[in-house]
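> Sequence:
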Amino acid sequence: MATWSRFATSSPIRPSDYLRERVSDIRDISEQLLSITWPELQQASVFTLDAPTILMAEDLTPSQFLSLDTRYLKGMVLEKTGRTSHTLILARAASIPVLSGVTISSLAPFTGDEVILDGVCSVLVVKPDEAVNHYYSVAQRLTDKRHQQQLKDAGRPALTRDNVAVDIAANIGSALEAPGAFACGAQGVGLFRTEMLYMDRDTAPDEQEQFEAYQQVLLSAQGKPVIFRTMDIGGDKQIPYLNIPQEENPFLGYRAVRIYPEFAHLFRTQLRAILRAGASGNALLMIPMVHSLDQILWVKQELQNVREELTSQGLRHTPDLPLGIMVEVPSVCFIIDHFCDEVDFFSIGSNDMTQYLYAVDRNNPRVSPLYNPITPSFLRMVRQIVTAAHRHGKWVGDLRRTRRRTSLSASASGVGHR
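So for the sequence shown, UniProt numbering puts the first residue at 1; every next one is plus one.
Because the hints were derived from the structure by calculation, they are not lab data. Note that the coordinates shown come from a computational prediction; the quantities given were computed from them, not determined experimentally. Be aware that a few hints might be false.
The calculated lysine-lysine pairs, modelled on DSSO-like cross-linking and capped at a C-alpha distance of 30 Å, are [as the list claims (entries may be wrong)]:
{"#": "1", "residue 1": "Lys-127", "residue 2": "Lys-224"}
{"#": "2", "residue 1": "Lys-145", "residue 2": "Lys-127"}
{"#": "3", "residue 1": "Lys-145", "residue 2": "Lys-237"}
{"#": "4", "residue 1": "Lys-127", "residue 2": "Lys-80"}
{"#": "5", "residue 1": "Lys-237", "residue 2": "Lys-300"}
{"#": "6", "residue 1": "Lys-80", "residue 2": "Lys-152"}
{"#": "7", "residue 1": "Lys-80", "residue 2": "Lys-224"}
{"#": "8", "residue 1": "Lys-152", "residue 2": "Lys-300"}
{"#": "9", "residue 1": "Lys-224", "residue 2": "Lys-394"}
{"#": "10", "residue 1": "Lys-145", "residue 2": "Lys-74"}
{"#": "11", "residue 1": "Lys-152", "residue 2": "Lys-224"}
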């Protein structure tokens, strides 16, 4: 524990949120080692829940969270937990609302009092009156009813009204999110945002760290397909340790596949990790922001070089890794047939392609009304992509999030998405 204490006191002065939040992980490991050595200490520190509880604490380690009975854990208020915290990811996967960044000492006088945690609005109501209680009681009943119906529907085939089957896959940024996605009926992972592994830290993840994260997802998938999108960093996703200058138009700038030749060592390390993990499941590889055949030919050569390297080193890896591209640059629409000779599948990145097609910044509220992915021009372009790809026997997916967007989902199916 002395080692953990030294790390804990030194880490907060570092600039990286990622490192600060890893203090909790190191503390977790230290406590587990201590409990193995002296089990009587663990017995004294274990606490159980026997009634509906909103837990308030400075921090909570992943193993502490997993030891709690989620039947009674209704929410958590944590002071030090940040967005990359493993505890926060686990809580999100378990549908436990979390309010973070709150000074716990200010809440100490209310220990044992009735409180309401609104995770949607990030509100904590202390000693609610009758009107507030009634409002949230009705809201909770409606939420529970909707959740139960969603769980029931999750096990059913996804069919359109004209009885066409549609695959529904998850969009995740962490291996910890995978079990919850599959429990909710996901038929695979349509997008693993691998760039999340590179963010909020001081150095890039090494091959082993990436391998373990990718393998964990594939094992959770139990044979279902998992599409790993290679690092989509640069541009609007700044990684300080890469020293890529800020740009006026980051969405049109130096990002994704465009930076791979300069940072080839990072790209090759990621390819090695994905190829090795691919031996444990049904992995697919997807390259973002592709706009030319030269780019995908360069990627294929790098992939071949890495395969040969792994073989020569005697490292187990998948011999067959289907390769696809994200279709998000509109110009690709006109040469899909050319790409069909080089790749195995396509995924349409609807968010970026919409803003590129209409020259609309989706983050600018003054032009956001123009951002509409179900206009005739957009749907005609998608139809052209799907028709050309299907003519060559290639699968096409759509990376948009369709929650509460039934008209959008119906339109996507209508132009050929399956």
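> Now look at each hint and say whether the structure bears it out.
Quick rundown of the hints versus the structure:
| no. | hint | result |
| --- | --- | --- |
| 1 | Lys-127 <-> Lys-224 | violated (47 Å) |
| 2 | Lys-145 <-> Lys-127 | holds (26 Å) |
| 3 | Lys-145 <-> Lys-237 | violated (38 Å) |
| 4 | Lys-127 <-> Lys-80 | holds (24 Å) |
| 5 | Lys-237 <-> Lys-300 | holds (25 Å) |
| 6 | Lys-80 <-> Lys-152 | violated (36 Å) |
| 7 | Lys-80 <-> Lys-224 | violated (36 Å) |
| 8 | Lys-152 <-> Lys-300 | violated (42 Å) |
| 9 | Lys-224 <-> Lys-394 | holds (18 Å) |
| 10 | Lys-145 <-> Lys-74 | holds (16 Å) |
| 11 | Lys-152 <-> Lys-224 | holds (21 Å) |
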